[in-house]
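Number of protein chains: 2
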Amino acid sequence: MQRPVCVIGLGLIGGSVLRAAARAGRDVFGAADVQVADPRVEPTVAAALARAAREDALIVVAVPLPAVDEVLRLVAEHAPSCLLTDVVSVKEPVLAAVEHRLPGARFAGGHPMAGRSVSGWEAGAADLFDGAAWVVTTEEDTPADAWRAAVELALDCGAQVVPTTAREHDAAVARISHLPHLLAAVLAATGAEGGSLALSLAAGSFADGTRVMGTRPELVLAMCEGNRGPLLAAVDEALGRLGAARGSLASTGGLAATVRAGHEARLALEDLRGADSEEIPVDLTDPEAFETLRDLGTAGGRVLRLDGDTAIGALPA
Amino acid sequence: MQRPVCVIGLGLIGGSVLRAAARAGRDVFGAADVQVADPRVEPTVAAALARAAREDALIVVAVPLPAVDEVLRLVAEHAPSCLLTDVVSVKEPVLAAVEHRLPGARFAGGHPMAGRSVSGWEAGAADLFDGAAWVVTTEEDTPADAWRAAVELALDCGAQVVPTTAREHDAAVARISHLPHLLAAVLAATGAEGGSLALSLAAGSFADGTRVMGTRPELVLAMCEGNRGPLLAAVDEALGRLGAARGSLASTGGLAATVRAGHEARLALEDLRGADSEEIPVDLTDPEAFETLRDLGTAGGRVLRLDGDTAIGALPA
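Protein sequence lines, in the order shown, are assigned to chains A and B.
Here the first sequence stands for residues 17 to 333, where the numbers follow the working numbering.
Here the second sequence stands for residues 17 to 333, where the numbers follow the working numbering.
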């Protein structure tokens, strides 16, 4: 029988993890600091953690980054020896908080790459993660049992696991998640500055490019501000590219370099998504298994399932 | 019986105009410089224009901006007295080209705000413009018969008409169409620079924010480069906003001003789209009708239908 799952934080992501794990037949319970009318929800976070300790559950931290430290303090108090993972949008700050609050914890970080611009328990869905990438941090010193528990949770939730380090994760999501949110904010504000006429004329490119700005600002801020260093680097790169486009448009009138690079990049995304893949078995008892798995993640590969002590990966051909 | 419609250029937009006008019961024909296997397509542009002259058709210029001048030269040669409109993505350069090639032409510019990231005749659809905004340029000296013919075409195609000047149009689309394409290019390239790992982790925010970069670069370039002055102004505003975000993130770690402004702007878009509207009748025989119509457009309003000499507008409440 599989380990129960205890989800702390029941917003869009935590609420979806609880539902998706239940769909897979896992015993699930959880708690949040807001009222959630569901029989699986304990009255307080402390009560949920005490139950997790009794049932040896996997604890999933599913609160925004600013609330993580307080949850970890409660974990240290009520359930210090449980296996631990999280679904927070940045990984180095969570890893540092775990090392501070729970030194020696059996922890592997996680991040499902799925979302919606609506938030809260009611917006959650059991199928939110189906086919999505779900990062599980795979450091040299990640405990094998915590890693495996986090991977099993992700797979049970319908996701595919991308093994990588917290650092590589944070640099990548700065580019493909946090920068998109900032550019969407800049685009939305610049568009609205054109008044009702401009908004009335807005069609697909503006609607798509600003969609994520429908999200509650607190959630976007927690995510972006929590990844300050990597996001600064990504913003600087974007400023450089936009400035170069500006210079080219002003001087020669041409934007070919910018537009062609953007088109090639978009095709690279579509190619990766449409690519055939070959299956790669990785022996988890191999001392270099984590290195092999990280290489798989770097190459755009994912773990599709576990088969005993073998992780079955898929690498785009 | 309504005037026939002659569409020159049968890509995504021109091909959709032809199909949509046919759906409304209009007689349609056209031509393109590529092979299109359809009985309504004349063998050459010259042949289509000669037929337009014989049948007193409304001519619709539906080629990318760089090809407009050559089409107008042929119009001047074969059908100089036909009513004329266009569906090109910028309006001041087209107006200037018309004044140069066909001084005194009965012309009103048009721009349907609809598109797809696929292009070409095969991608066209009769319902592409249903409910979309369709700008009809409404200058002091726009001939009333040309204005009315362009409006009727837009309404027949299922769109709602936004009356404004070429100058106001170009400034607005720089913000809500051309800037989104440039930011999408910058985002796509910055994301792809993160390699296969970053692209593998890309989810909704990146996929949505880069979608328009699937479009053929030639089309994006024709559109953006053709609106150089207004686009430069929009890019400078975006650079200023992104630079301010960068400075704030670097100095205080905070992005609240940027994200909250973006959220408010997105809500303004959603509010405008969801707003109830009141009907405003505009008497087209009134000497100030065009001024009233431009005010309607500036306020986010649209013309929904013509009723004799009255344009029925809708203004968001």
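Hints in this document: simulated from the structure, not taken from any laboratory.
Note that the coordinates shown come from a computational prediction; the quantities given were computed from them, not determined experimentally.
Beta carbons: idealized from backbone N, C-alpha and C, even for Gly.
One thing to keep in mind: the hints can contain errors.
What the hints assert, rightly or not - Non-contacting residues of chain B with respect to chain A, defined by C-beta distances greater than 10 Å in every case (computed): (1) Q18; (2) A66; (3) R67; (4) A69; (5) A83; (6) E86; (7) P96; (8) A142; (9) R164; (10) H185; (11) L198; (12) E209; (13) L258; (14) A266; (15) E286; (16) E304.
To be verified - Where chain B lies over chain A, by a calculated footprint (3+ residues, C-beta under 8 Å): (17) 18-30; (18) 45-51; (19) 83-94; (20) 285-291; (21) 305-315.
Cross-check of the supplied hints:
1. Q18: 27 Å, holds
2. A66: 35 Å, holds
3. R67: 32 Å, holds
4. A69: Its Cβ never comes within 10 Å of chain A, the nearest being 33 Å, so this holds.
5. A83: The assertion about A83 of chain B holds, with a minimum of 17 Å to chain A.
6. E86: Consistent with the label, E86 of chain B stays out of reach of chain A, its closest Cβ about 19 Å off (over 10 Å).
7. P96: Label holds. Min Cβ-Cβ 31 Å, cutoff 10 Å.
8. A142: 18 Å, holds
9. R164: Holds, because the least Cβ-Cβ distance between R164 of chain B and chain A comes to about 21 Å, which exceeds 10 Å.
10. H185: Since the minimum Cβ distance to chain A is about 8 Å, H185 of chain B lies within 10 Å and the statement is violated.
11. L198: 6 Å, violated
12. E209: The claim is violated: E209 of chain B sits with its nearest Cβ about 7 Å from chain A, within 10 Å.
13. L258: Non-interface label fails for L258 of chain B: nearest chain A Cβ at 5 Å, not farther than 10 Å.
14. A266: 6 Å, violated
15. E286: 7 Å, violated
16. E304: 19 Å, holds
17. 18-30: violated (count 0)
18. 45-51: With 0 residues close enough to chain B, the hint is violated.
19. 83-94: violated (count 0)
20. 285-291: holds (count 3)
21. 305-315: Our answer is that it holds, as 3 residues pass the Cβ test (under 8 Å) against chain B, meeting three.
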